[in-house]
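Asks: Line order of the protein sequences matches chains E, A and Z.
All residue numbers for the first sequence refer to the numbering used here, where the first residue is 1 and numbers rise by one.
All residue numbers for the second sequence refer to the numbering used here, where the first residue is 1 and numbers rise by one.
All residue numbers for the third sequence refer to the numbering used here, where the first residue is 1 and numbers rise by one.
Among the hints, erroneous ones may be present.
As a list, the in silico PhoX-like pairs of lysine-lysine whose alpha-carbon atoms are at most 20 Å apart [said to hold, decoys possible]:
#	chain 1	residue 1	chain 2	residue 2
1	Z	Lys-342	Z	Lys-332
2	A	Lys-20	Z	Lys-342
3	Z	Lys-52	Z	Lys-261
4	Z	Lys-115	A	Lys-3
Covered by chain A, per the in silico footprint, the following chain Z stretches (three or more residues, Cβ under 8 Å) [what the hints assert, rightly or not]:
#	segment
5	328-338
6	362-368
Hints are computed from structural coordinates only; laboratory data are not their basis.
Cβ coordinates follow ideal geometry from the N, Cα and C atoms, glycine included.
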Amino acid sequence: MCLAIPMKIIKIEDNLATAEISGAKYKANIDLVPDVKIGEYIIVHAGFAIEKLDEESAMETLRIWQDVADFHDNREKR
Amino acid sequence: MDKILKAHGSGGKYTHDLIKNLFVKHFCNDPLSELQDSAILNFSGNKFAFTTDSHVIRPLFFPGGDIGKLAVCGTVNDLAVCGAKPLWLSCGMIIEEGFEIANLEKIVISMQKAAEESGVIIVTGDTKVVESGSADGLYINTSGVGVIPDNVELSLKNVQPGDSIIISGNIGEHASAIISAREEFNIETELESDCASLNSLTELLIKKIDTIRIMRDPTRGGLATTLNEFVENQKFGIRVFEENIPIRNEVIGLCEPLGFDPLYLANEGKLLCIVGQDDANKVLQILRSFSIGKNACIIGEVIDNPNGRVLLKTRIGSDRVLDMLTGEMLPRIC
Amino acid sequence: MTIEKSDSMNYIEEYRDSKITRAILQEIFRHNKFINTNYMEICGGHTVAIFKHGLRDTLPANIKLLSGPGCPVCVTDISFIDEAIELAKKKNVIIATFGDMLRVPGSYSSLMKEKSTGADIRICYSAMDSLKIAENNPDKEVVFIGVGFETTAPAIGVTIKTAKQKRLQNFSVLSSHKTMPNAIRALLDADEVAINGFICPGHVSAITGTTMYDFVAKEYNIPCVISGFEPSDILETILMLMKQTNTGEAKVENQYTRGVKKEGNLKALEILNDVFVPIDIKWRGIGLIPSSGLGISRRYSEFDTRKKIKIDLPLPKEISGCICGEIMRGVKTPKDCTLFAKVCNPENPQGACMVSAEGSCGTYYRYMPDMKK
Numbered sequence: 001m002c003l004a005i006p007m008k009i010i011k012i013e014d015n016l017a018t019a020e021i022s023g024a025k026y027k028a029n030i031d032l033v034p035d036v037k038i039g040e041y042i043i044v045h046a047g048f049a050i051e052k053l054d055e056e057s058a059m060e061t062l063r064i065w066q067d068v069a070d071f072h073d074n075r076e077k078r
Numbered sequence: 001m002d003k004i005l006k007a008h009g010s011g012g013k014y015t016h017d018l019i020k021n022l023f024v025k026h027f028c029n030d031p032l033s034e035l036q037d038s039a040i041l042n043f044s045g046n047k048f049a050f051t052t053d054s055h056v057i058r059p060l061f062f063p064g065g066d067i068g069k070l071a072v073c074g075t076v077n078d079l080a081v082c083g084a085k086p087l088w089l090s091c092g093m094i095i096e097e098g099f100e101i102a103n104l105e106k107i108v109i110s111m112q113k114a115a116e117e118s119g120v121i122i123v124t125g126d127t128k129v130v131e132s133g134s135a136d137g138l139y140i141n142t143s144g145v146g147v148i149p150d151n152v153e154l155s156l157k158n159v160q161p162g163d164s165i166i167i168s169g170n171i172g173e174h175a176s177a178i179i180s181a182r183e184e185f186n187i188e189t190e191l192e193s194d195c196a197s198l199n200s201l202t203e204l205l206i207k208k209i210d211t212i213r214i215m216r217d218p219t220r221g222g223l224a225t226t227l228n229e230f231v232e233n234q235k236f237g238i239r240v241f242e243e244n245i246p247i248r249n250e251v252i253g254l255c256e257p258l259g260f261d262p263l264y265l266a267n268e269g270k271l272l273c274i275v276g277q278d279d280a281n282k283v284l285q286i287l288r289s290f291s292i293g294k295n296a297c298i299i300g301e302v303i304d305n306p307n308g309r310v311l312l313k314t315r316i317g318s319d320r321v322l323d324m325l326t327g328e329m330l331p332r333i334c
Numbered sequence: 001m002t003i004e005k006s007d008s009m010n011y012i013e014e015y016r017d018s019k020i021t022r023a024i025l026q027e028i029f030r031h032n033k034f035i036n037t038n039y040m041e042i043c044g045g046h047t048v049a050i051f052k053h054g055l056r057d058t059l060p061a062n063i064k065l066l067s068g069p070g071c072p073v074c075v076t077d078i079s080f081i082d083e084a085i086e087l088a089k090k091k092n093v094i095i096a097t098f099g100d101m102l103r104v105p106g107s108y109s110s111l112m113k114e115k116s117t118g119a120d121i122r123i124c125y126s127a128m129d130s131l132k133i134a135e136n137n138p139d140k141e142v143v144f145i146g147v148g149f150e151t152t153a154p155a156i157g158v159t160i161k162t163a164k165q166k167r168l169q170n171f172s173v174l175s176s177h178k179t180m181p182n183a184i185r186a187l188l189d190a191d192e193v194a195i196n197g198f199i200c201p202g203h204v205s206a207i208t209g210t211t212m213y214d215f216v217a218k219e220y221n222i223p224c225v226i227s228g229f230e231p232s233d234i235l236e237t238i239l240m241l242m243k244q245t246n247t248g249e250a251k252v253e254n255q256y257t258r259g260v261k262k263e264g265n266l267k268a269l270e271i272l273n274d275v276f277v278p279i280d281i282k283w284r285g286i287g288l289i290p291s292s293g294l295g296i297s298r299r300y301s302e303f304d305t306r307k308k309i310k311i312d313l314p315l316p317k318e319i320s321g322c323i324c325g326e327i328m329r330g331v332k333t334p335k336d337c338t339l340f341a342k343v344c345n346p347e348n349p350q351g352a353c354m355v356s357a358e359g360s361c362g363t364y365y366r367y368m369p370d371m372k373k
């Protein structure tokens, strides 16, 4: 119900962040996530950052499935 | 529907219905009812292509072009994809009172440059000035005439199952450049419009390849809409492969937050063609020999079942329908 | 091979990688106990992702996905659209709205039709844009059409607070914001369809936290998994639900750990509670649900359109034959509707489910090969 997209903060001016996704730069209000820093990722919905993206957790999910995928691949090869 | 909506001009279903139910109904003649990008006309043993296109765009100057370049390339392309060698263009201008003459000159110079590059001449024109507030600065209409070589017969009738679908490069860049140039979206990208004339590509293809079935330039409504125009009321369908469609990352980055789909974004310098499968690689080679065709890809194939439909093979490997654009694309939150 | 962080990552594409989705699918098939199971995705964003990426066809045949009531456009009562349209007709009013609401049919018109006949309706990407419109048009009243769930409401809250700081006299919000928990309860209490698990909305939960689904697991014994929106997220969620189904458990799990904290976004919740108060509100297709809406609190009543402008509403006229309501409750699918694809299509939508980008009917119409023609 709520389209929201991760973006990386590249600039902060007051409560307005410039955030980037794949080279497209958006402006996002950061009043709802006051303690974000440049270089961090935010999840942006309708021009507002609604939450910080937890990169560690994001990587963890990917790593787990990458491992499962590798496991399946190796089994198929054998 | 009792009033014209903006969606009637978006190139999707509304536009199609309006054309069919109003213009074709009343103008009713053979060349028109073919609904090609140009009318194909026979005159004293020669075949001509004749087309017209009105250009309305905001902003008038955008990364990669301006309304003048667009007006020339758009009409040249409508002729080119019908297999014609574009020759002569007209230029009708509707100018808002108060428009800067310096800007008008910039646009005219840009038109001349585009015309030279496309090998056409602008041979006639018209100027109207309307009251301040009744036009968005400047509207340009261009019409064009081209001649079609004797042996060229492009038609959907020649399409066969197994034929390849080829696009000459990355999609969605014109619309993306316009969206980033418009203030209300507040988006910055380095994307430029792909606005370019395609006649050098089409003329070489026609000369070298016998199995070019049909060509189009997917402008308003994007790739998805043009693919659907190919299959409408036909005995064949099309399957395209999501993974093979060339899209720049920046275009995806621009689309995701707005809820836009790049497959529906306008292009102004892309060629979409259906060619015999055996010639597909040769076509790729030819397209890639041009700088505007360097990212050409085979994106799909003609299928016999289901007919009249475009399917998209997703990256996960399942088929889903790829429909025409319906209504105007609006930024959304859900 | 292990994934390393790199600048080219965008935390979207990686979760669409076919290698990863294939691996999760293999796990789904490995854990399949061939029990007929209905999982409901509450959120319309999930519905769209499921269709757009073609996930349904890849699942085992015994796993059925139902679409729920989580599209803010679809659940907006027709009288609210009528209210917005009446406002749009007023000469001194500028309507500011998200693009989503433009084509939704009211009883007699839509905002888009009003726009085509001269009403001043501006599309905003961010609610903050509407403040700029108000500042630039001091002699007009700018009304923002406030729709959306917990995800969107805090942003509207910030906008209202900013308007107060700027002492804007000509800005107000017509609020139809809604909240999830009581709607889920209403759905479950109606007991019209067997639901064996919920795919819970990730971005609503980013604000609310994970505990708001506890009652579903505890009182109704139904597994809940909060899910992200990419193909691998949704597939992993289905796998997590299956594992709960297989063991007979019912608990709330969080698949979308990169976006959802247990406690939610406290700052956003604080603003939500400051600017809004719970009200009873009508959901299209479901009816009046107690404390499932958000009205503007007394502290900010000068920004409540309904307190500022008198709106005379025409008698609402529902479209006869439209079964949007049953579709939203998961009782029926668009296939069961006699209007679907015949008189109702995206160009000429009869109900909100067809017009919304994430409505069930619109999604079926766009993506299902065997539904039309």
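Asks: Hint by hint, work out which the structure violates, then give me just those numbers in ascending order.
Replies: Numbers 3 and 5 - these are the hints that the structure violates, sorted from lowest upward.
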